[in-house]
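Each chain, written out:
2 protein chains.
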Amino acid sequence: MGLNLTEYINEKQLLIEEEINQQLNKLMIPDQLKESMQYSFTAGGKRIRPILLIASYQAFRHDFEKVLTTAVALEMIHTYSLIHDDLPAMDDDDLRRGKPTNHKVFDEATAILAGDALLTYSFEIISEDPLLTNEEKVHISKLLSKASGPKGMVAGQILDMEAEKSPVTLKKLEEIHTLKTGELLKFGITAGAYLGQASEEQQRYLNDFSYYLGLIFQVQDDILDVTGDEKKLGKPVGSDIDNEKSTYPSLLGLKGAINKKELYVKEAKTALKKAELVESYLYLLTDYLTQRDH
Amino acid sequence: MGLNLTEYINEKQLLIEEEINQQLNKLMIPDQLKESMQYSFTAGGKRIRPILLIASYQAFRHDFEKVLTTAVALEMIHTYSLIHDDLPAMDDDDLRRGKPTNHKVFDEATAILAGDALLTYSFEIISEDPLLTNEEKVHISKLLSKASGPKGMVAGQILDMEAEKSPVTLKKLEEIHTLKTGELLKFGITAGAYLGQASEEQQRYLNDFSYYLGLIFQVQDDILDVTGDEKKLGKPVGSDIDNEKSTYPSLLGLKGAINKKELYVKEAKTALKKAELVESYLYLLTDYLTQRDH
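Chains as they are written, first to last, in our numbering: chain C, 1 to 294; chain W, 1 to 294.
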């Protein structure tokens, strides 16, 4: 842990973005498709998921090369999901991170196809990764498809849409977020630990850790929609209230939501302690995600 | 080859449909998502691609179990592509095979997500297939992602949309079809041959065969849009002409298109001869695809 957290994050962001560029640049495909696939990466992003994956791996190993392709595949899946989420038939968002969404720059058909292409390509680059054994490729491909498919992220998306029509309980809200956001974060943590050859016990505790981290991530999102700075967020605040959407603050009040977040932070850190990983960047990243302002 | 072709096709259709049902039924996911994923399978389909895969495998082996999951994954990818193609932002089709399209029965958001889910789930079932070795899973996953992703089917879809805006040459038309339709058909043939442990030489000839088969498939589609029976097709004929779309008949005349098809059939059969596979169902399926009326 030679770097402070900001240095660590900046260094890894750069690494990930360079690798994404390389993976996309080498594609010999129609310009319109390539530009649309590239656009949603150049339009920003904190690269939280791939950074968590690398940090989880580096809690056990010194290098990062071994997980770089998997980290990029994860960011591609995340990006495809944003492109599809923003479509008129879904959330109908014109802006993301302060910039026009994919279908506003290109068109809806291209945005749908760019999302499909990123999703499919993520499995291709895993199958082609020269640093993974066949056993590792199969296991990563299995974890990633489960996390992002009908049992994971896509199920969360469907439930989230249903929840917009009527208020939900806190329990239901947590189920939705665990699927919609948590599963991909969990993939980052568990794939990193698996490739880092963590012990089975450590992998189990990291599984718990990732569960709470997913919830922290979402409570903070909900809190920022109430207290955040539009400029930093790159999107209007208060949209959840306008849409009468069930959120942690709407169900628990702002103070209750903050208390809930602190509880999750405690649980996440307890899991890290049990895994004997308090001296890792995962610990610092927990605080970072708890306090983030965008 | 104990069964005649019709018996062979019927038996394999049943097998594939039972396996699709099983793979979808076991999903513990939100009802809306599951029903939408199931709907587009129950709404019909000739299962050409998975049948070609099984026939290609059975040119070398007696069983079919080894390739059943791969065959189902292929049909899931094909089905997802139809669901997304039919969306208002794409082809805007209300009917497919005489039945309402997915987004007409459910809604656009659900149809987008059902497509995403089928695409992702196809990679999950390959990674979980108990009958494949890790090496085979990785190879199949690689072939399938390449055939269906940005270098394959999705590229073809983008080029097809661009071609609708202005007339194209015959060469361009063939490039589009090779990507949009041919790549998935080719996957069926090559994946079957690979899992059947065909010799490298045979795999090379089957690659040529599948190229011509893809073109035959598309010329026949174009011809049926001119000469077909609406009832059998389950969709209106003449829509290509109405949309001023470049097709084989529009570029070569109906007679020219039929001649072209015959030329491709000759090439396909020559490739099968070189692979020493004239005594396989692939030979009969070539005639079947050449003469199909829907």
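Please note that the accuracy of each hint is not assured.
One copy or any two copies: either way a pair holds, since identical chains are not told apart in the list.
List time: in silico SDA-like cross-link candidates among lysine to any residue, alpha-carbon distance up to 25 Å [claimed, not checked]: (1) Lys273 with Asp91; (2) Lys172 with Gly45; (3) Lys172 with Pro130; (4) Lys99 with Asn259; (5) Lys142 with Ile125; (6) Lys34 with Leu5; (7) Lys142 with Gln32; (8) Lys146 with Pro167; (9) Lys34 with Met90; (10) Lys165 with Asp31; (11) Lys99 with Asp129; (12) Lys104 with Val168; (13) Lys146 with Leu131; (14) Lys146 with Leu3; (15) Lys274 with Tyr288; (16) Lys34 with Glu164; (17) Lys235 with Lys273; (18) Lys172 with Leu27; (19) Lys142 with Glu175; (20) Lys232 with Glu162.
Don't read these hints as lab results, they were simulated from the structure.
All values derive from a computational prediction rather than experimental measurement.
Hint by hint, which ones does this structure get wrong, listed from lowest number up?
Per hint list: 1, 2, 3, 4, 6, 8, 11, 12, 14, 17 and 20 violated.
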